[in-house]
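Asks: Sequence:
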Amino acid sequence: MEWMDQPGISFAEHQLALKGLARLNAVSGAHGKVWKALAEALEVEKGPREPVRVIDIATGGGDLPICLFKRARAAGIDLRILAVDRAEGALQHALASCEAAGVPADLDTDFPDRPGIHFAVADALQKPLALPKADWVTSSLFLHHLTGEEARDLLHGLEEIAEKGLVIADLDRGWLNTLLVTLGSYLLSRSPLVHHDGPASIRAAFSRSEAEALVGWAGLGGATVKTAFPGMWVMRLVRN
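Going from the sequence shown to this note's numbering is simple: count from 1 and add 371.
Honestly, the hints are just simulated from the structure, not real lab data.
Among the hints, a few may not be true.
[As the list claims (entries may be wrong)] Under the rule of at most 20 Å between Cα atoms (straight-line distance), these lysine to aspartate or glutamate pairs were calculated in the EDC-like manner:
no.: 1; residue 1: K498; residue 2: E534
no.: 2; residue 1: K597; residue 2: E411
no.: 3; residue 1: K504; residue 2: E583
no.: 4; residue 1: K498; residue 2: E470
no.: 5; residue 1: K441; residue 2: E411
no.: 6; residue 1: K441; residue 2: D484
no.: 7; residue 1: K535; residue 2: E421
no.: 8; residue 1: K441; residue 2: D477
no.: 9; residue 1: K597; residue 2: E414
no.: 10; residue 1: K535; residue 2: D449
no.: 11; residue 1: K535; residue 2: E414
no.: 12; residue 1: K504; residue 2: E530
no.: 13; residue 1: K404; residue 2: E414
no.: 14; residue 1: K597; residue 2: E581
no.: 15; residue 1: K535; residue 2: D481
no.: 16; residue 1: K441; residue 2: E470
no.: 17; residue 1: K504; residue 2: D481
no.: 18; residue 1: K498; residue 2: E530
no.: 19; residue 1: K504; residue 2: D479
no.: 20; residue 1: K535; residue 2: E520
no.: 21; residue 1: K504; residue 2: E534
no.: 22; residue 1: K597; residue 2: D494
no.: 23; residue 1: K504; residue 2: D524
no.: 24; residue 1: K498; residue 2: D484
no.: 25; residue 1: K498; residue 2: D477
no.: 26; residue 1: K504; residue 2: E531
no.: 27; residue 1: K498; residue 2: E531
no.: 28; residue 1: K407; residue 2: D449
Modelling step: build the complete structure from the supplied sequences, incorporating the hints.
Replies: Written as structure tokens, this is what we have:
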């Protein structure tokens, strides 16, 4: 189990770990991979450009929604994000990161009424999933925290609230990626949590072939899983 998933972690330890993870994600381009997959899907939409509602699951320190919002703003896309996580401390870190990045953000349980991000406490494993419908649902680097059955149930639940599609990204287990993640964890963070959890994450991750099997197990007909160098795969479902 990853240390960050355990109770009793101090606020300071948690914040230091989130900063380290943000650096790892920035260097690996993890969140840019989600944006690329989402942007490709948005490009094929027909008709006038309407606001795009996105729910980000297990948002952690908010790095993914911040990345998505900034890139959408640069592309002239009205993106309204509801980002959820069960850890309130992570959301406080996310709000501070939004302020530093110049991204409008607040705490709320529904979508913003203008371009921006709302953060809310919610457990993605709750059944039924107590979240509103969205155009798109995203999640990055979360599935490796779950068992196969939990991942299957989560994907099935997310598919039910995503009206246009899903974009899910995670680590791709393998010996080379294990080496890269382990080195990155030590080189890019001073956090003992990251030093432990980085290698633990890749060991617990689903390989690309296992992610493809999850697609079928969860009943996500038409979803694709593609390798995303370095060290990840991206799952995308686009509704016709």
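Asks: For the pair we were handed, K407 and D449, check the Cα-Cα distance against 20 Å.
Replies: holds (16 Å)
Asks: Check whether the Cα positions of K498 and D484 lie no farther apart than 20 Å.
Replies: The given pair, whose Cα atoms are some 27 Å apart, is violated under the 20 Å limit.
Asks: Holds or violated: are the alpha carbons of K597 and D494 at most 20 Å from each other?
Replies: violated (27 Å)
Asks: Can the restraint linking K535 and E414 be considered satisfied, given a maximum Cα separation of 20 Å?
Replies: holds (13 Å)
Asks: For a C-alpha distance cap of 20 Å, please report whether K535 and E421 respect it.
Replies: The hint holds at about 13 Å.
Asks: K504 and D524: Cα distance at most 20 Å?
Replies: holds (17 Å)
Asks: With the threshold set at 20 Å, check whether the alpha-carbon distance from K441 to D484 stays at or below it.
Replies: holds (17 Å)
Asks: Do the alpha carbons of K504 and E531 lie within 20 Å of each other, as the hint requires?
Replies: holds (8 Å)
Asks: With a cut-off of 20 Å on the C-alpha distance, tell me whether K504 and D479 pass.
Replies: Distance of about 15 Å is within 20 Å: holds.
Asks: Is the Cα-Cα distance between K504 and E534 20 Å or less?
Replies: holds (7 Å)
Asks: So if I understand the rule, the pair passes when the alpha-carbon distance is 20 Å or less; does K504 with D481 pass?
Replies: holds (10 Å)
Asks: Verify the proposed pairing of K535 with D449, using a straight-line Cα cut of 20 Å.
Replies: With a Cα-Cα distance of about 16 Å, the restraint between K535 and D449 holds, given a limit of 20 Å.
Taken one by one, the earlier hints fail for this structure at numbers 3, 4, 20, 22, 24, 25, listed in ascending order.
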